[in-house]
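Trainee: First to last, the sequence lines map onto chains E and D.
Following the numbering used here, the numbering of the first sequence begins with 1 at its first residue and continues without gaps.
Following the numbering used here, the numbering of the second sequence begins with 1 at its first residue and continues without gaps.
Hints are computed from structural coordinates only; laboratory data are not their basis.
These figures come from a predicted structure and were not determined experimentally.
Please note that the accuracy of each hint is not assured.
[What the hints assert, rightly or not] Covered stretches of chain E (in silico footprint by chain D; criterion: 3 or more residues with CB under 8 Å from a CB of chain D, positions within the stretch not fixed):
1) 179 to 189
2) 303 to 314
[Unchecked claim] Looking from chain E toward chain D, a few residues come up when the C-beta cut is under 10 Å (computed):
3) S121
4) R192
5) E196
6) S202
Note that CB positions come from ideal geometry on N, CA and C, so glycine has one too.
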Amino acid sequence: MSAAISEPGVEAAETSVAVKKPSGGGLGRYVLIRFLLIIPTIFILTTLVFFLMRITGDPITAALGGRLTKAQLAERVHAAGYDRPLLVQYFEYLGNLLKGDFGTAVSDGQPVSSILLNYGSATVELVFYALIVAFVIGIPLGMLAAYHRDKAPDAALRVLAILAYATPVFFAGMILKLVFGVFLPILPVAGRGTTETEYIMSGVVAPTRFYIIDAIRIGNFSVLGDVLAHAVLPAIALGLLTAGVFLRLVRTNLIGTLEQQYIDSGRSRGISEYRLVTKHAYRPALIPIVTVMGMQIALMLAGAVLTETTFEWKGLGFKLAEYLTARDFVAVQGIVVFLAVIVAVTNFLVDVIAAFIDPRVRY
Amino acid sequence: MKRRTGAKAVAIAATGALLLSACSTSTTGGDGGDGDGGMLTVGTTDKVVALDPAAAYDNGSSLVEQQVYPYILAYKPGTAELNPSIAESADFTEPTKYEVKLKDGLKYANGNELTSSDVKFSFDRQLKIQDPNGPSSLLGGLKSVETPDDQTVVFNLKRKNDQTWPGVLASAAGPIVDEDVFSPDKVTEDQDIVDGKAFAGPYTIDGFKFNELLTYKANPDYQGYVEPAKTDTVQMKYYSDANNMKLDVQEGTIDVAWRSLSATDIDDLGKNEDLKVHKGPGGEIRYVVYNMDTMPFGAKTDDADEKKALAVRQAMADSVDRQAIASQVYKDTYTPLYSHVPEGLPGADEPLKSAYGDGEGGADVAKAKKTLKDAGVKTPVELNLQYNPDHYGPSSGDEYALVKDQLDKTGLFKVKLQSTEWVQYSKDRTDDVYPMYQLGWFPDYSDADNYLVPFFYDTDETPSFLANHYRDETMNKELNAQSSIADEGKREEALKKIQGQLSEELPTLPLLQGNQIAVSGKDVKGVDDTLDPAFQFRLALLSK
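Just chain E, same shape as in the assembly (with noise of 0.2 Å):
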């Protein structure tokens, strides 16, 4: 599945460079046209997002209709609304939306807000270290391709690269449970820390609630090695497939570039091959990075979920794969919904950076 979806946007970006054109419009007008659009897109999917999880019946009768009786269901059906027209609670649910009300969730009463608080900066930290991940793998191989092109190193490399982002992230998380916590248990398996982490975590007083953030902030080295510890196997789970992609977008555009004019000039005055990789080439090899890095972190959440599981890594993949366990259709449309807004706002950020950084994007 991984491949599949990496692949095109992989090729996407990496042809972009060349087909894009130089527009006449301004940086301005095309980061409105980009803001604009994803008024539509919120709008969408959250319509879709409601209406789906609405095929099966009311949120109520799926969270707890095993365990009350016919009465107590109907009657708390009632209570919260959910007896009336569909498109009025549509509408309501909008109305509370954007009043920043997500609902509460039905199997354990929290309210889905303070989910979103709590558990939303996991999952960012998490993508965050994977993203460290990805480019400290995926950017030195794709530039170590590129220097040795079609030998053995580059097929070999470009091997792993398929290798990265074809494996599915939970069997990553396995095998390196598998390794790390079983046959050489050096490094922890499950968990953003240890209890006496999560303990002074659970303490700090205004907490950022990035672990990261909060254990230097509280000047905690201890918790600090616990944290960094603690993520290193997730991140690198879920960092792998965008190393993948990486490897193979760095090494194809590295590629290009040395085949350009002043590249060649450069060979001519008699610079050496690894000196072009390194100073000359690299820089322009590297943007349409900037372009796809929007559907990686798309991808990366979606990859949270199993990440998040595996791992014991309590974010909101965490939560989103316990609501949708216990039928709490309330809490997973929060949850759907926020990501999709994360990613939206994401790949706003990722496109008006690449614009002002690659004006030919401005199309």
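Since the structure of chain E is already known, use the hints to place chain D on it.
Mentor: Same frame as chain E, but now just chain D:
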């Protein structure tokens, strides 16, 4: 040049991360607590629904309640015997009056006094709130609560000499809460309870991250029956994946793994020399329910015949090998159940053991064949057996595949096995869709009554939980009567008589009794003390 710099940077970063990791301390390493009692970490996969006792009636929430709230009565560790806890005395003063004298000087961790007013408040609010997730249904026998003075509480009961009432006081419906912190008419938020320090159990809650981590601190002012906490700080870590909990107990990251490791994991951990697997009697039972209307020869089938239907049930009881199911599917984490009341409870008997099969608990095909032949039942009998794959654990499929296999192999039955997911299953079973089907049960309180009355007491006003059309007026009378027999010996006799009658009629077929199982490091003490017929995991007894 730059390449070297990059490599150096990576090396420095990696070294830094490793050094920082090295700085991090082990959870279980040494004395992490504030006092002499040290610290323990316990893992579980049970979730907490709410800290407010009025809003929760599940294993995970009850576990927390048992640690932090005071109860009027408590079980003596190792037994199912109830004793006054925060009460000085508690007994019937009249057939419908249960009087409780509270101990002097009771108080909550926030300094508030605990008086009879709090007790009345605790029960009144449950009846008022009636949260669908709460245990208010257990208070069906309560008429009203009176408080003649600060130390005295009088429970006015609907039934005379209701012997189940003490069990209710020690159940999920029994925690006493602080009237200055809890709302009288609605569920109180978790954080408000924690912030209000409304605790008077052996522990208080010091830190709470919903279903992630709960930190207990020993309560120095605790005056209940269970001895004061032996460990100052207990961290309860919540897992969603039992595999992760298994890895953590294996690595010593947690000291105790409590519910719910799989049978395979328990078997595997039992081979680890650094760990100990603790087993105790468990309150969970697993059984087959017969729909008396729709089972083969049932009352509403085309070939309805009460005798033949009974013969089918009895022949099935002759044919199942419970020990094989317990060993092969559950690696002996379950034990055979030969009664409708599980072993360990006062009054429990094993009438099915001698009455069916080989008389020693095993199967006997010849006996089953004779039973069917004598009733004139043509074989093989077609059985439509339903089970649920998502509510009673992942091994239900294996359990019922083996039941099918055992029945099919007799040549007397031809079993068609089907499964349905829980929401639909729980609806279908009461809509008479399934002729025979799987169910399981956790007790509300540790009394044989709780395994009998909800299942087999059936009237128009109080239909049974099973809704399987089993109704026997004699049984109704006997069930009603046993709960009012004050003499323990006589009550046990009455309970045994009921079990005997049920073993003949078999409205359900008991199969297995779940053990309580915990896995701990070898240095952890007290685990076995709490795995008793009270079915309560008391953290206060644990230490290392």
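Trainee: For this structure, which hints from the list above don't hold up?
Mentor: Violated hint (a single one): 3; every other hint is consistent with the structure.
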